[in-house]
Structures are given as C-alpha cells and as structure tokens.
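J.: Dock chain to chain to rebuild the complex, using the hints, since each chain is given by itself in its own frame.
Note that the protein sequences, when read in sequence, are chains Z and F. Just so we're aligned: the first sequence equals residues 56 to 425 in the working numbering. Just so we're aligned: the second sequence equals residues 182 to 484 in the working numbering.
It is worth saying that the hints were derived from the structure and are not from the lab. Be aware that one or more of the hints could be misleading.
Chain Z residues, not near chain F, derived (Cβ > 10 Å throughout) [as the list claims (entries may be wrong)]:
1) 85
2) 328
3) 395
Between beta-carbon pairs, the in silico distance windows are [to be verified]:
4) Z:262 with F:302: 32 to 40 Å
5) F:282 with Z:410: 49 to 57 Å
6) Z:410 with F:332: 26 to 34 Å
7) F:302 with Z:209: 31 to 39 Å
8) Z:262 with F:333: 28 to 36 Å
9) Z:218 with F:471: 30 to 38 Å
10) F:322 with Z:218: 30 to 38 Å
11) Z:218 with F:356: 43 to 51 Å
Below, in silico cross-link-like pairs of lysine-lysine (BS3-like), each with a Cα-Cα straight-line distance of 25 Å or less [claimed, not checked]:
12) Z:207 with Z:289
13) Z:163 with Z:140
14) F:313 with Z:305
15) F:329 with F:313
16) Z:289 with F:329
17) Z:246 with Z:125
18) F:456 with Z:246
19) Z:164 with Z:182
20) Z:370 with Z:162
21) Z:207 with Z:235
22) F:329 with Z:305
23) F:313 with Z:289
24) Z:163 with Z:367
25) Z:163 with Z:77
26) Z:382 with Z:331
27) Z:204 with Z:289
28) Z:382 with Z:164
29) F:456 with Z:244
30) F:313 with Z:409
31) Z:370 with Z:164
32) Z:207 with Z:418
The structure displayed is predicted, hence computed values, not measured ones. Backbone N, C-alpha and C fix where the C-beta goes; we use that ideal spot for every residue, glycine too.
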Amino acid sequence: MRKTLLLVLLSFTVLSSFASIKIGALLPLTGGVSAFGELVKKGIDLAREEKPKVLGQDVEIIYMDTRSEKTEAANGMARLIDQQKVIAVIGEVISGNSIAAGEIAEKKKVPMVSPSSTNPIVTQGKKFVSRVCFIDPIQGTALAEFAFKTLKVTKAVVFTDIEQDYSVGLSNFFMERFQKYGGQVLQVKYKSGDQEFSSQLSQALAFGAQAIVITGYYNEIALIAQQARALGYKGFFLAGDGADAPELIKIGGQAVEGLYFTSHFHPDAPVTPVTKPFVDAFMKKYGTRPSTLSALGYDAYMIIIEAIERAKTTKPELIATAIRSIKNFQGATGTITIDQQGNAIKDVVIIQVKNQNFAFAAKISASALK
Amino acid sequence: MSLNPTILIQNLLNGLMVGGLYALIAVGYTMVYGILRLINFAFGDVMVMGIYFAYYGATLIRLSFPLAVTVSLAGTALLGIVIDRLAYKPLRNSPRISALITAIGVSFFIESFAVVFFGPNYKPFLDALENKTIAFESFVIGNVYLPKIIFIILGITAIALFILFVIVYRTKIGMAMRAISADIPTTSLMGINVDNVIGFTFAISSALAALAGVMWALRYPSFYPYTGFVPGLKAFIAAVFGGIGSIGGAVVGGILLGVIEMMIITLFPTLMQYKDAFAFIILIVILLVKPAGLLGKRTVEKV
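Same shape as in the complex, but just chain F (with noise of 0.2 Å):
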C-alpha cells in the first residue's frame, strides 16, 4: 500500500492523542512511586471509575456533561484518597512488595465491584452526552478528514498537564510533595504531615486517571469495567518509559509511546494484530539499555 500523507497526518494526530491520555493516567504512576516507591496498579481502574462517575452523574442525576465531568474528577479524587488511607497507608512500614500485591487486589476489587454493582456489559458513552455526533465530526480540508474529538483531546490534555507542572513546581503543596519524594523523615521533621500530602497525591493522580478515562470515552464511547485494563498497562510501560519517579519522563514516555504504537500500525498494516506487544518490547529494550528510562536519574540502591 502506498503511503499517503493524509493517513500519515491522521494516524500521527492519533497517536499524539492516545500517548496524551498514556500520560495523564503515566503522571499518577510515576507520582505515586516518586512518593512512596508503590507501583498502584489500580490506576487503570481509577480511570474506569471516573468514566461510570461522568456516565452516571450525567444520565442518572441529570447533570450537564461538564458538571459531571467535575463530579467525577472530584469524587475519584476522594476515591483516590480513600484508596491510600485503607489500601495502603496501614502498609507504609512493610516490606514494599507487600503494598505491590496489596495495589493488584485492590485493582481487582474495583474490577469485581463494578462488574456486582454496573453490570459486566458495554455502556453507551454517548447517553451522556448532549452532542452525540462529537465521536465522529471532523474538520474537512479539502479532502482531508481530521477528527475534531482529537483536537479536543489534545487541548484539555495539554491545559491539565500544565496546571499539573504549576502545582508541582510552583506551589507550597508541590514542593512538599518533592521533598517528601526525595527524603521522607527529613521532611517530617520540617513539621510537613506526610499523610495528608501522599493523600493529595493520590487524589490529583487520581483525578488526572479520571480525566484521561472521560476523555476515552469521548474517543471510544463504549465502556465496562474492564476498559482501564490496557490503557492502565500501557501508561505503567510509558513511565517506566520515561523514568518512573520523574513527571516530565511520564509525559514524554506516554505521548511516544502512542505515537510508537500508531506510526507503526500505519507503517506495516499486516503487524495490526500485534499491536499490544509492542508496548511491551519497547519495555524490555528499555529495560535492557536504560533500565532508569529515558528522563530517569540513576541512583545507587543503598543497602
């Protein structure tokens, strides 16, 4: 097949959308595990939450969509919060891969919980939404179809990873949250509560996740409890990617880690069926050539 630059433009808008929502939900990995050293498997579910919260929110309690879009955000953010304090929070003490097993039951709980409490079926995204065409609008020039929910996509990503940085790097609560990654009893003894700042992490981790999930749904507007399955791995692989522990190598892991994935689908059509194994190569090479990712500092594991 010949290449054409229209399909080639398209599938690159594509990607840079999909690795954009790798990277909210890689954000929250990486936080997390600057933190407290836990990979929280659960952020996948968290996301899938924030999809039912917006759903439910808009069609059970009739709000308009951004009011449950903010619903949503602000009750996994709280769910984000709970998490921490029941899952792991009694944990902090214990050897790390005891919290590690703790994350993956407490990702299967919310699978199981939603499959008991909203059913294991497909639910139709667009019931929520008052603009039901906006999964397939398009911005035509000439003859060149460009999807506008991409754009869309791509804007609220970019606004909310810049509020992420402001709060990070601009304010008192973000500088806790560094300190904290870098040297735990020290910043307790500057009179900063610990608890309080991993419970805010989890919960802007957490809202972040549940942002990424609306905005899934807006692309692919169908969802069950099992959608944040894959999405939650490929972020996992794209902070990894981009050096667990450091926010910026989460962005850029994510938004190549989508475009990876797309350009090579769009190059070699025939490998389409293999399309979730190449996350996970470009995991075990990178693991075998830069095991601390591509914006992670080496540290010596002192014993």
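Looking at chain Z on its own, in the form it has when it is part of the complex (with noise of 0.2 Å):
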C-alpha cells in the first residue's frame, strides 16, 4: 500500500514536473511585514491569470513563506530550488530578507527577481539576482529634479534618520544632485522614535528653508510637518517612498496636505499601455485599486515570463541572462529596462498628497537621471 502511494507521489512529481513551468514566489505571508507579501501576492496571482502559459506550458507558482525573516527566506530559497526545482523566482519583498535569499539563488544559479527592495546591495557582486524597482540613488537624484527644476527650490534643508541605511543613503543621494545644480543645502539629523524636532526646524527655519526634504519613514514625517506648519513653516515637503502608506495622512492630518514623494507606481499614472488594463483587471478581480506592492509584483512576473519567452529555454542560467538583457519592457509600473547590474531604470512617478489622498503629481523620465 504505501510503496503504490509513494509511486503514485512519485510519478505526479514527475508528471508535473513535464507539465509544468515552476516558477517559486519567496514572499513574508505571515510575520511583521505580510501586509506587504499578501499585496504582492494579488499582483502575481493577476499576471498568472493573464499569462498562464510560456514556451506552450503551464506555469506554476510555488508559494514560499518567509515569515518575514531573514534565514527563513533563506531557507525557503534552498527548499524552492532544491526541493521544488523552480527555475525562476520572484521575491523577496524588503531588502534585508532579499539580500538573505539572494545569496543562496547566486549560489544554486537560479534567477531571483525582486519586486520592492530599493536597497544597491541587493543586486550588488550578483549574477542571478535582478529586481523590477528602481534604487535609492534613483529616487534620490528624481528627488533633487523635481525640486529643483519643478518647484524651483534653491534652498533646502534635508531631514535625516540616521538610524535607517535608507535615509542616510537617500539624503545623500538627493544631496549630490541638489548641490551640483547649484543649490544650497543644510542637513539635519534625527532618530526613528523621536518625537520632538523644534531644535531642527528652528534651524531649518533660520536657514531660510522653501523646501524640507525628509528621507525617513512616515510616522517621523507626519510629526516633523505638523511641528513645522505650527512654527510657521511655509515651504514645500518633500519625502521618497518611506511616506509611501495610508498612515502618513492619517497621522498627519491637514499638516502633510501638498506633501510630495516618490514612487514607483501610482494607479492614475499613465505610464504605459499597460498600466490601464492592469488597473482595471486588479479592480474587476479583487474590488480595490491596485497598490504599488501589487503592480510591482504583477511586472516581476511578467518580466520573468518575458525573459523564459526570449530564453527559449528553462534553463535557469540562461534565463538569467536573458532577464538582463531586457530592454524598454512595458509593465504595469513603467517602461523598464535592466541594467547589467540587475538593477530596473524606469521612471519615477511623483505622489503628492491632494484632499488627504495619494495624487499623481508628475513623472520625472528615467533619462534625466543619468
């Protein structure tokens, strides 16, 4: 009896494994961050839908949790490739566990492309392992852009946490940018946690400040706009995807009404062809507009069938090869081209805050960021 179920086991793995294209998603589904795998799951879920077949087979996604950890996306690295064979996979979500999994995936030679982690170590010394998102000194330099040749700002004072790799990273970036167009810059530092910044908007304020830059994450900018509408603050706020979440005007209220920000995607941007259709496809399927979270998973996918597509292959080295080799891609998120670096070069789309919602405010082209 068991040695019949252990062939009948037997012969489906290995039917199956003919069938079928596996392709693993590494994703947190239960942990701190699910909120932000169970997003990304939406998106896949959609772009199998839409493109269930490659090179005249099934597709079949192998969902992998991480606990949002980072030996557990380790780990669950090892058990995609080893034990379900994937030949590509799409995670992982913060760049921490990304860093984690990518090491292993470099290691056993299987494309890894991530959706959302904007941290360069990610990709960086890697063969394998890609990412559908742009990075920090992207959104630093699209940052420094728009408030210089948009808003016109010449004097600005950048807000720091220099407890997040993150921000210090982000400030720089901006920084570099800002003063080479010839603006002035005064930055000041803060910690994640802190509650009280009157000493760093009294200098902002003394600095003449017609734009405050903070590169931190959303609880900390909700606090520093309110204390500085409050000491009579006029100017502009600008911010990068850190103040990417619903709880920034919840927090904030009136104070980060105007705010502007980066982004990868907003649901009203018109990016590409393909952005529409996906909104609208996200919103039949699920009831809800599409988060970035979600688009951008929706593109991993699809980039990673695209490259099988070009491959002709499911031979995972050539695979990734062929991921890097992608040009002018049209997603959900953008027109994205890889770099050989694995890195994605694509717009930046900026969010501002309207009517205590998330408007799209303007698109700054990957090419004014070289």
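T.: Here it is as structure tokens:
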C-alpha cells in the first residue's frame, strides 16, 4: 500500500515537472511585514491569470512563506530550488530578506527577481539577482530633479534618520544632485522614534528653507510636518517612498497636505499602455485599486515570463542572462530596462497628498536621471 | 547659527510643556515611592494605556473627546488599583527588591499586552479628535509663531497639579496618605485602612499619568505600545532629580528637566542626537552631588 502511494506520488511529481514550468514566489506571508507579502501576491496571481502559459507549458507558482525573517528567506529559497526545482524565483519584498535569499539563489544559480527591494546591496556583485524597482540613488536624484527644476527650490533642508541606512543613502543621493545644480543644502539629523523636532526645525527656519526633504519613514515625516507648520513654515515638504503608506495622512492630517514623495507607481499615472488595463483587471478581480506592491509583483512575474520566452529554454542560467538583457519592457509600473547590475532603469512617479488622498503629480523620466 | 529670541521663546515654552508632562508622571512615581518605597516602573506604560483608552473611547465607542478623556482617566485609575492589588499587595512584606522586579514585570506585561491586543503599529491620535488641526495651530504675533497646543497643555497641567496639591494637603485622605508615608504601622493603629489609602494613591497617580499621556498624544499625535518608555524613564529621573518622595520636588524636577533638555539642544543643535543622554547625565550628577535630590530630605536609614 505504502509503496503504491509512493509510486503514485513520485509519478505525480515527475509528471507535473514535465507538464508545467515552476516559478517560486518567496514572500513574507506571515509576520511583521505580511501585509506587504499579501499585496505582492495579489499582483502575481493576477499576472499568472493573464499569462498562464510560456513555451507552450503551464506555469505553476509555488508560494513559500518567509515569515518576514532573514533566515527563513534563505531557507525558503533553498527549499524552492532543491525540493520544488523552480527555474526562477520572485522575491523577497524587503531588502534585508532579499539580501539573505539572494546569496542562496546566486550559489545555486537560479535567477531571482525582487519586486520591491530598493537597497543597492541587494544586487551588488550578483549575476542571478535582479529587480523591477528602481534603487535609492535614482530616487534621490529624482527628488533633487523635481525640487530644483519643477518646484524651483534653491534652498533645501534635509532631515536624515541616522538609524536607517535607507534614509542616510537617500539623503546623500539627493544632496549630491541638488548641490550639483547649484542648490544650497543644510542637513539635520534625527533618530527613528524621535517625537520632538523643534530644534532641527528652528535651524531649518533660520536657514530659510524653501523645501524640507525628509528621507525617513511616514511616522516621523508626519510629526515633522505638523511641528513645522506650527512654527509657521510655509514651504514644500518632500520625501522618498518611505512616505508611501496611508498612515502618513492619518497621522499627519492637514499638515501633510501638499507633500510630495517619490514612488514606483500610481494607478492614475499613465506611464505605459499596460497600466490602465492592469488597473481595470485588478479592480475587477479584487474590488480595490492596486497598490504599488501589487503592481511591482505583477511586473516581476511578467519580466520572468518575458525572459523565458526570449531565452526559449527553461535553463535557469540562460533565463538569468535573458532577464539582464531586457530593454524597454512595457510593465504596469513603467517602461523597464534591466541594466547589467540587475537594477531596473525606469521612470519615477511623484505623488502628492491632495485633499487627504494620494494623487499623481508628475513623472520624472529615467533619461533625466543619468 | 545666531540665536534669535523667537527661537529661544518657542523652545523655552516647548521645554516647559514637556517638563510639565514629565512632572505629572513624576508625581506618580514620587507618591507611590513616598508611601511604599517602591519604584513603580509601570507608570510609563500606564500613561500609554491612558492614550489607548481615550483613543478607543473616541473612535470605537464614539464618545466626545472630553468624555473619552474622562473615561480614560477613570479606566486608568481602576487599572492602577488593579495593578496594586494583583502585583504589589501580595508583596507588601517581602524584600523591596522583589517588588521592584515585579514592577519591571508589570511594565513588560502591559507593553506585551498592548502589542497583542491593540497591535504593534503606530495609531493616529487625530482620529480621536474633532478638531484635527489642533496639533499645528499657532498664535501669531508679528512673525512669531507660538503653537496653541503648548498653552493648552501648560494650562491643563497647572490645573491638574493644583487639584493634586489640594487633595494631598487639604483633605482627610491626603492627610492619611502623608501619614502613611511617615509611618505605616502607627497610621494603621489610628484606625486608617492602609490598603484603601494605598489603592487611592495608585488610582490618582495612574489617572495623572493617563492625563499626561493624552496631552502627550495631542502634541505628538501618533503612538504605539512603547511610546511611554522614554517619558516614563525621564519622569523617574525627574522624580529623583527633585528628591524622590517629595511631590513639590517631582514638579520642580520635571519642569527643570524638560527645560534643560530643550535648552541644551537649542543652544547646541549639533548635540541633538544625544538628547536622551542628557537626562541620564543629570541623574548621575545629582546622585553624586546631592543624592537626596533638590527638595528631598536627607534621611538616615535605620538598620
């Protein structure tokens, strides 16, 4: 009895491995950032429905939970490759986990495409790890571009969260480009969890800031904006994608009205012909408008399928090469070109808080960010 | 940077406000210490529970904000009594170190409870308010901006402290509290129910911490289960600074600590990153120079 069962199981695995192409999805489906994982999964599921076949074979997505942890991300990647024999992996969502999982993918020579990890280290020195999102240097440059060219700001104060690598990096990239244009910058520092910013704001006001650029996360951004307005600050607020959470508006209220931040995607941003059909299909399937992470998950799947089609094979190494030669791919979040380092070169979307909602404000094209 | 008088005034007011909030919590530490010789490390967490009660009172039960705050004060007063009955009363005759460790345990328990029950994320306090711009409205005199919320908080703090002094120095129960802090066995021989008075002390100091919490959330309108950690520690330092056991000392210590902190970072903005360290430096200096605190009485421990 047991032998037959084993035989049946075995033949199933053999059959299915012949019948379908397996792509892994390594996501935080439980734990601290499980909300992020769920959003990406929605995008992948929708993409799979739209493109269920490649090279004439069915695509099967194998989901693997990382519990939002680095060790589980590495273990999950090993399991996907060794046990499930996937030929490519979508994941992880946050940079720390992607770095851990990327080591394994690199060692086992299976391509991995992260939808949303923006830290430069994720793909650094790797041949098999790529991503469909832009990296922080592009984001910082785009902010400087927007502040100087569009808003005509010449004096900016940068608030840097010295506890976050993300914020320190983003501040540097912003200041570099802004000063190159001839703008004046004053940098002030704070720590995640700080609540009182009057000292830094006094400095900012004395400096004559036309724009306050906050490179940290939404909670501190909201508090800084409130205290700045209370002290009579009338200028612009700018931020990176750390502001991209509904809590920004809930905490900041009217104080964050008018704030601009860089992002990967906005449902109203007409970046490519794919965007609108994607938004409509998403609305139909889930009843809500897609968030940034869902759109990035969708693009990650589509890029892998495109690479398999171009490579005309299921050999992971050739797919990895194909991913890095993708140029001007029309995704939901933009026209994506993957460079030789595995990073996406694409347009940056600028979102503004308008009537207590996130509204599309502008698009900074990738060509302006070189 | 040249220091202009506007910035000095803004930050002085800010320091007074934060100091007043420290004072409200410090009074709790000092009253409980005065009576039980116990540092109730859970006051920072009681303060956060006060914020949660007010927040859910206004958002879930849809009470008006003043009513939600009243309910929150009553709820935290009750919480204070419960903490005393469950955690500290069984240890009245145990060594002091047992009660101290229990206090740390209570603090961790409340924090973990809040994480599990209310969630670990930041909550927007604006949701609880009818006037959603209160946190950043200002009085404008010429081109000087003075945040309104600071004056509101200063006013309420002053009223709360006045009521506290009336209770402690002008009522019978206040007299009983002072008597217990002098000598517990003799007080109980005078026919006073010591446990009830201790319960009352916990109730009133918890309510003050909750009031401080609600005002903290008005000024910094996002909070999560660990919001009370730093203010709780600062208030403890303020109590020691002023002389632990002395209510007047806690008030003076709290206000001074708030103002000193704010003035140091105003005068030396580059030291901003070390802001939280100043309070501890003050603590070390005061313990070395004047261990009994500013207004504390030097007592000789009888062995």
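J.: Are the hints correct? Go through all of them and say.
T.: Taking the hints in turn, this is what the structure says about them:
no.	hint	verdict
1	85	14 Å, holds
2	328	37 Å, holds
3	395	39 Å, holds
4	Z:262 with F:302: 32 to 40 Å	34 Å, holds
5	F:282 with Z:410: 49 to 57 Å	53 Å, holds
6	Z:410 with F:332: 26 to 34 Å	30 Å, holds
7	F:302 with Z:209: 31 to 39 Å	38 Å, holds
8	Z:262 with F:333: 28 to 36 Å	29 Å, holds
9	Z:218 with F:471: 30 to 38 Å	35 Å, holds
10	F:322 with Z:218: 30 to 38 Å	37 Å, holds
11	Z:218 with F:356: 43 to 51 Å	50 Å, holds
12	Z:207 with Z:289	15 Å, holds
13	Z:163 with Z:140	11 Å, holds
14	F:313 with Z:305	10 Å, holds
15	F:329 with F:313	13 Å, holds
16	Z:289 with F:329	17 Å, holds
17	Z:246 with Z:125	24 Å, holds
18	F:456 with Z:246	10 Å, holds
19	Z:164 with Z:182	8 Å, holds
20	Z:370 with Z:162	15 Å, holds
21	Z:207 with Z:235	14 Å, holds
22	F:329 with Z:305	21 Å, holds
23	F:313 with Z:289	19 Å, holds
24	Z:163 with Z:367	21 Å, holds
25	Z:163 with Z:77	16 Å, holds
26	Z:382 with Z:331	21 Å, holds
27	Z:204 with Z:289	19 Å, holds
28	Z:382 with Z:164	22 Å, holds
29	F:456 with Z:244	12 Å, holds
30	F:313 with Z:409	16 Å, holds
31	Z:370 with Z:164	10 Å, holds
32	Z:207 with Z:418	16 Å, holds
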